[in-house]
Every structure is written in C-alpha cells, then in structure tokens.
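Q: Full structure from sequences and hints, please.
Respectively, the protein sequence lines represent chains F and L. In terms of our numbering, the first sequence opens at residue 10 and continues consecutively. In terms of our numbering, the second sequence opens at residue 138 and continues consecutively.
Simulated from the structure, these hints should not be mistaken for lab results. Just so you know, even glycine gets a beta-carbon here, dropped at the ideal spot from N, CA and C. Treat the hints with care, as some may be off.
[What the hints assert, rightly or not] Capping the alpha-carbon separation at 25 Å, the derived lysine-lysine pairs in DSS-like fashion look like this:
(1) L/K265 - F/K76
(2) L/K372 - F/K397
(3) L/K406 - L/K359
(4) F/K264 - F/K254
(5) L/K284 - F/K448
(6) F/K401 - L/K234
(7) L/K372 - L/K348
(8) L/K234 - F/K397
(9) L/K284 - L/K265
(10) F/K442 - L/K265
(11) L/K284 - F/K442
(12) L/K241 - F/K397
(13) L/K406 - L/K372
(14) F/K254 - F/K332
(15) F/K442 - F/K397
(16) F/K332 - F/K266
[Said to hold, decoys possible] Reference listing, derived: stretches of chain L covered by chain F, where coverage requires no fewer than 3 residues with Cβ under 8 Å from a Cβ of chain F:
(17) 271-283
(18) 378-389
[Stated by the list, open to error] Listing some non-contacts, in silico: residues in chain L with all C-beta distances to chain F over 12 Å:
(19) F173
(20) E221
(21) W296
(22) R313
(23) Q328
(24) Q357
(25) E360
(26) G362
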Amino acid sequence: MNDSDNQSDLYAARTHIYPRSVSGRFRRLKWGVLALAYGVYFLLPWLHWEREAGGDQAVLFDLVGRKFYLFDLVVHPQDIFWLAGLLMIAAYLLFFVTGLAGRVFCGYFCFQTLWTDVYILIERLVQGERPARIRLAKAPWGPAKIVKLGLTHLLWLLVAFMTGLTFVLYWGNAPELVQQFFTGQAPFAAYATTLFLTTTTYVMAGIAREQVCTYMCPYARFQAVMFDKDTLIVSYDAQRGEGDKGRSKLGKTLKTKEARTEAGVGDCIDCGYCVQVCPTGIDIRNGLQIQCISCALCVDACDTIMDSMGWERGLVGYTSQRKEDTGVQARWLRPKVIGYAAVLVVAIGLLGWSVSHQVPFDMTVAQERQPIYVRLSDGRIQNSYEVKLNNKTNKTLTLRFRAEGLPEGADLDFGQFTEISLRPEQRLRLAAKVRAMPKEFDGHSHPFYLIVEPQNAPELQPFKAQSVFYVPEK
Amino acid sequence: MADQNQGKAVQTTGHAWDGDLQEFNNPLPRWWLWTFYATVVFAVIYWIWYPAWPIASSFTKGIGSVTYQANGEEVTTHWNTRAELIEEMQTGSETLKQQEYMKKVAAASYAQIESDPEMSGFMRSTAKVLFADNCAACHGIGGAPLKLGLYPNLGDDAWLWGGSTEQIEQTIRAGRNGFMPAFGEVLSDEQVEQVASYVLSLSGSSADMAKAEAGKAIFQGKEGGCYYCHTESGKGMHSQGAANLTDQIWTVADVPGAVDDAGKLEAVKKVIRGGIQRQMPAWSGRLDDTEIKLLTAYVNSLGG
Ligand code: SF4
Ligand code: SF4
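A: Below, the structure written as structure tokens:
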C-alpha cells in the first residue's frame, strides 16, 4: 500500500466484507469466550441472591438508593474510588496482555468483536456461506432477497434489543422491570437506554463492523506503543510461503512439496482462504496492518489448508517480530511486562485490601459554626455538632456514643438518645452538644474524638471521628 | 462515486476563472453530511415543540403544556420552566415525600418528635430553613444574634418567657412584649450605680460591697421596685419575661463583652437608666400550625 492509497481510503466508499466461516482451535476458543460472555451478560441480572436489606438480585446497580450490590458486596457512593482502582486495573491488565500477546483483547474479548461475530453467524444462518451472500447482495431485488435480508435485519434487531433490555435490567429488579417494560410502566430512562443500546448495537455490530476497529476505536491507535519485538502477532511466514519465486497455486505440477521446492515456490498455495475469513477484510500476507484485530481466524484457515495438504501447520500463525527476524523464540519475561505485572499486582492488592476492609458504617461530625459556641447560665461553654451516621452493614446496629479527649466534667449530650438503633442502609443526622467549663482548657480550641460503639456487633470496631471544641478567649 | 476517484488526482468543480484558476471538489464525508441533516431535523422539531419565535409582542407557544394548581384552580399553560417548577413543587415525588412527613410531624407530640431520630432529623432540616426565612433576621442563624442586645440568644439555656415547649409555642404564636421601665429619671446616678453593683454581685461578679448593700435596699424596696418582676431572689419571672439576674447570661447588658469591672458596671447601669423595650411579633397569622410546631421543636432543641 502506498501513501496516496492510504489518503484516498478515507473518502473511498466502503467495500463490504463477507467473511467466510472457518473452524479450528482459535475459532473454538472464540466460541467458548463468546458463550461465556453472553452467558454472564444475559443471565447475571436474573441471578437471585439472598440479602437482609436491599434488592435480592446478585448484581444490582441501585441508582435511586445510591448503592451497588455485587453479590455480598455493597458499594456505596463513598467507595467511588474503588472505581478508579478498577479502571486502573483494567488499564494495566490491558497493557500487560498487549505487551505480552498483542491485540488479544480485540480478537477475543472486545464487545465489538463478540457481537459482530454473532451478527455474522446470523447472517450466515439466514443467507448462507460467503459466495451465497455475495450472490444475494448482487442479485436484483425480489421476494427471496427481501425475505432473506429482512429476516437478517430482524434477527439483528432482536439481538440488539435483548442486549439493550438486559443492560437496563442491571439497574432494577429484573422480573419486575421486564413486566413494567412491556406494560408501558417502566421509567422513561429504561426505554431511552434500551432504545439507545438497541440502536448502537444494531449499527455497530450490524452495519459499521470493522470500521469501528479501523476508524473509531482509540485503542487501535495507541496499542502500537505497547508492542515490541517480543510481542505476539499474527503473521504470515513469508519466507516459507513464497520461497524464491513467490507463492503459486497448486496447478497440475506443483502439488507436492518436492515439486514446489524444485520449482522454487513456497508453501502458500494462494487459495485465498485466509483473506476470505478475515472479518476486517485484509490480506495477512501483506504483513501486519492496522486493521488486524489479531483474531487468528486466518491462522485457523491456513492451518486447515496445510492439514489437507499434509504439510506442517504455522504458515500463518502467532509469532513475534524477533522470531521473524532472527528465528529466536520470543522472551516472555521482559522489563516492561514485569513492570506492568508489578503495578497490576499492587493495584489488585490495594483494591482487594480496601474492599475487604470496607468500613461498616460512616460517621462524620461537623461543628456548628453559627454560633460557634454559646455561654450557658452556669458559665459553661456549649458547642453544637451535627453527626451524620450511615449504616453500611446489613444488620440493625445499636450504637452508643462517647467522647475521648475532653477534660473531666465535660458533658456529651445527644438529647433524648442515649442509644441509637440504625437499620441497615439507614442514614441519620443527629444533633449533639458538648458542654464544659471554659477554665478547664488551656488553649482556645480543643480537639477531641467522638467515638461510636456498636453494642450488638462484637466483630465491629468502634468508629472514631475527630472534631474540635471551641472555647472563647475569656 | 468516490471509488472512481481512487488512484486519480482530486477532481475539480469544472469551473475555470482567469484562464487557469480552478477549485478542487472535496465533498464532505457522507456520515458528516447526514449528521448535519439530522441536526436540521432536530432543530425543526425543537422549534415546533418549545416556545421559540418572538412575534411582535408575543411568541410561538410550542405544543408542550404544563398543568398545575393555582388558588384552587387548575391552570394549563404552554411549556415553560417556571410552570414546570410550580408543577414539580406540587406533584413532584420529593414534594409528596415532604408532605407525608409534614403530616406525620403534625400528628406527633413534641416528645415523640424528640425521641424519634428520623422525625427529629426531618424537623431540624426543615425548621432550619423556616428559621432562616423568618427568625434569623433578629435571632441570627442558629439562634445566636450577631450582637448581644436587642434579641435574646436562643442557643443558651436561659429563657425569658419560659423554655417548655408550650411556652415557646405560645411565644412564637402570639409574640411577646418585653418592657422594663427606664430608671434614669427616678433614681439618682449614685443610686443607679448602687443597684448596678448589687445586680452584678447577684451573679458572682466582683462589686463594691458597700454599694451593693445600698443597691439591694433599692432593688428590694419601694424606691426601685425591681423585685416586682425580677423577684426578691433576683431569679426573674417567666410570666413577665423578666431576666434571671443570678446566672451568667446577659441578654441586654454586655457584661461578658466588657474588659474590666468598670466596663461591666457601665453596661448594667446603661440598661437600668434606659430601660428595655422590645417586641417579638406574633407569627400565628403568617405561619401554619405545623410550621410553628416545627419551629418550636427546633428552638427548644437549640437551647438547653
Ligand atoms: S488478518 Fe487474521 S488475525 Fe488479523 S483480523 Fe484478519 S483474520 Fe483476524
Ligand atoms: S490460507 Fe494459507 S495457503 Fe491459503 S492463501 Fe492464505 S496463507 Fe496461503
């Protein structure tokens, strides 16, 4: 490809791609990943989970209640930094596997790849294999074409709708929401989200397809910086395939290896199978290209051909730049990969620690600033505080308060409440007052701790919050 | 179309000016064009749907409408954010939740409100706003006036007119008239100083004992007659709104703010000479029963 070709590419009308089906070990692996991903995605909202409080759905993102339920873990707005941790782990995991194995994410796990795979499968089931599809596309409009194309698009839309609806189910009680959805009683956001995701799924997986990977995906653009000579790439062994005189079809005389060696041609029989199966429509024999999503379908294709010829597999296969250039096996342990792995381990460790040490309840103490203090009739000084409590456990807690760091004789007053009981997930604001004789203090302000002690949960540590007792100068 | 261009030079529009000046034909990508058309369609729908065009002294009203209650009547108007706000304030889920709580509070006793953490939490957050709107101008936000003097601090534990919920409610409902006559005309300067010394000594401040003795006689006797309201012990009387003079709280005389004993004495003398006249308006006509109830509970919770 030369430069001017690349330029005109942007304005060229798209050439439609009709990938041929293939079977082989990578295709099987991809079906496996697909089944797993679809299974998790579509079934998870329906998984029931017993909880004392909150929804009984295993995974539920309760926006109204401002809580995310993930099995036994309840994530509160205060835990938002976990999301940062999760994103960081995701990013480094991506860097790590990319450094190691190139675009495996693109080829095996990316939603775009997974959904496009299903759409191509539907296309094939309805319209037939690649030649039949090409023929159908070229055929004039008639009843058969309308039915076949219509059915394809209908099925695509159905999958898109299921995808959109399922996404919505994560944000509410699934069975209830489905019922509301079809009786027209679901919240507007549910319809809007479903419509949005249905449309995007249909457009991206059905119509845009490889253009998403080539033109829209930012990851495709920056992944190159994570590549090095040892990164695994899908590549065509040009030396073996072309020989001295280039690739050549089988013909009458070039059917055996010996004959081919004698004629100076390589092992590639120019059958084009590897090109036909490629979902991004490229010819891997032209070398590594930006469009290649490393899905390894061309590997399966060529392996099939080599098997049928009785020749050794691997004319197209996973290899690395180093292997290609020098014949030396790729090194797995490289400073970069080890670096990514180290960051990854630290990040996972920190997140794990943070999640397992989730504080069971929150308490914040805010001093009232207006007035900052009040003088009482017996000469004592009174400061007021607003105490906010949030029970994040799933049991009712009985809480008792005490202050630490106040001088003898200081008095902590919670009004009517000597003991407070807090339901699971309940939030409360209480008013507290502290009174003390001013002469007990040396300075102007006096830091102290308000401590809340759970009475009925021995496994929980008392919780401390710091505040200040202000004393006027005179 | 575009693939005919492939490999060729960019085409021109076909016009030539001045003999050789030509214009390249580089059409926009199709998706770009379609996005543009989509925004045009969106704009047209928007124009029709919402109030948009000014016409002389009026404007197009759009086809959306909002319905709300005004003075017991149902009003339907063209869509606008004001009407939408009014509707939201009447039928919004938060409003309904608040109304429900208001009913709950209205039905509860003061003791119930205080002993229920949820209700008292609601009481505090709602009454804080009511207080800021109606009371804070005099009493200050949080019940503490900026300067000691005209208005009592509601955060301390001294109550001129009584600190039970009934008394506080009565104060808010009907208002209060605080009055202490000016003694500047009746008593001589010396006598005023004597009474002031006695008053200071009541709450344990240092004072000239001889003057205080003399002051006591005036305080308890016919001459001053202070004991009518402040009682013989000086502890004050709620029914008169007369202050307790034996405690550390000064609502008018700025004793805590004085730097030395002479300053304290001057502060008290000033009050005795000039008397006090202050008023709290009645709120029964302006606030409804539930609001008064919320304020009462709030004020009660502020003071000890
Ligand atoms: S070249 Fe091979 S690995 Fe790359 S996208 Fe095409 S089929 Fe997949
Ligand atoms: S599938 Fe293998 S043999 Fe066939 S064209 Fe591709 S590389 Fe050559």
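Q: For this structure, which hints from the list above don't hold up?
A: 1, 2 and 21
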